[in-house]
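K.L.:
Sequence:
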Amino acid sequence: MVDKNTGFDFDAVIPRQGTGCSKWDGVEKVFGSREVLPLWVADMDFAVPAAVTDKLIERSRHPIYAYNTQDESLYQAFIDWVKRRHGWEIETDWILVAPGVVPSIILSILALSEPGNGVIIQPPVYPPFFASIKDNERVIVENPLIENHGHYEIDFDDLEKKLADPNNKLLLFCSPHNPVGRVWTRAELSRVYELCQKYEVAVLADEIHHDLVYAGHRHTVFASLGESASKQSVTFMAASKTFNIAGLNFSFIVVPCQRRRSLIRRWFTRLHLNRNNLFGVAATETAYREGEAWLNCLLPYLEQNADTLVDFIQCRLPKIKVTKPEGTFLAWLDFRAYFTSAQALEQFLVYQAKVGLNPGRNFGRQGEGFARINFATQRSVLLEGLARIEKALQALK
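Position 288 (the sequence shown) corresponds to 288 in the UniProt record's numbering; numbering is contiguous.
If you are wondering where the hints come from, they were derived from the structure by calculation, not from laboratory data.
Be careful, since some hints might not be right.
[As the list claims (entries may be wrong)] DSS-like mimics (lysine-lysine), calculated; alpha carbons at most 27 Å apart, straight line:
no.	residue 1	residue 2
1	K198	K161
2	K23	K391
3	K29	K83
4	K23	K55
5	K83	K134
6	K324	K29
7	K23	K397
8	K29	K55
Note that this is a predicted model, so its numbers are computed, not measured.
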């Protein structure tokens, strides 16, 4: 139903089958069953802001889709957005553009470390973090998060030990954190910065979920902690999660340190990644200039979905442990009271419950017995998925 006050209808189910989308059309390949309800890939089942659609239609009517360039207005739209939403002032010269956050992370690892160097991560964490390090001949160094009744914190004592090793050159930092949903406080970020500065370790800050934060929490850009922190870090941002345009493959890298920026740019040139998707450019600028009202209405809907998810589980499936995420549209479900092996849990979800969640073990060994659920969908779809899990668990008794 369309909200009379906003004009947005996030409850409207939009069929996505047959559009070539990974989330819906890829379920049989990924899960081995067409009957699975997909609640996995981190995109949303909502229509993008109308202004973005209109802009893409307008641009598509021009019959030439040739090489494009980025003009000053794109950078200014991004700069204005980040300053308005997060209070961080970016200079145009700091910005590099890229075909996505993961490629940007990989290029930054290649540029700022050598084969055999250690890169610190904080599992359970986004699976491509592992591959970005291992596939590029660097060493994965784990600083596991501490879990306390579903609430995750940074193990600063262990982090300092890992940072003190001179072979460890980078901290790959997820903020807000995927999958546990933490929005790190300013105090936590300041402690990370102090330790990284002490041991001269650069911070690669994946902040792609920076706009998706709920009431009572505030995202602090790591680089905004001060001039020294900004020069110690590389920040990855995009409109892709915020506005559901990940398929247009466009992102930003913000690198205040001129030396590090030159090293990263050299890798872009070496791999001929200097060109970007012209539709991604158009959609991104339009989203930042005309999509704020849409986002301001989306966030309460997502938070209501998070509340619905947590209430359903706590009232009807209390053996599953879940903590309401502070940010992102992802929740981290603990099934360990039901299953003693990761394989048994995964088989249950696909073949008994018929829901497609991300297996927890993909996020590191700390994720065994867990699963990640994406609640950025219509509430009716979310409730259907939860009802399937409930029914299947009842059948186990």
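K.L.:
Next, verify each hint and record whether it holds.
P.N.:
Here's how the hints hold up against the structure:
Our distance criterion of 27 Å between C-alpha atoms is met by K198 and K161, whose separation comes to about 12 Å. Proposed proximity of K23 and K391 is supported: the alpha carbons are some 23 Å apart, at most 27 Å. The hinted pair formed by K29 and K83 fails the criterion: a straight-line CA distance of about 42 Å is larger than 27 Å. Note on K23 and K55: the hinted pairing holds, with a Cα-Cα distance of about 25 Å set against a maximum of 27 Å.
Among the hinted pairs, K83 with K134 is inconsistent with the structure: their alpha-carbon atoms are about 35 Å apart, more than 27 Å. For the hint pairing K324 with K29, the CA-to-CA distance comes to about 31 Å; that exceeds 27 Å, so the pair is violated. Note on K23 and K397: the hinted pairing is violated, with a Cα-Cα distance of about 31 Å set against a maximum of 27 Å. The straight-line distance between the Cα atoms of K29 and K55 is roughly 33 Å, outside the 27 Å bound, and the hint therefore fails.
Checked against the numbered hints given earlier, the structure breaks hints 3, 5, 6, 7 and 8 and satisfies all the rest.
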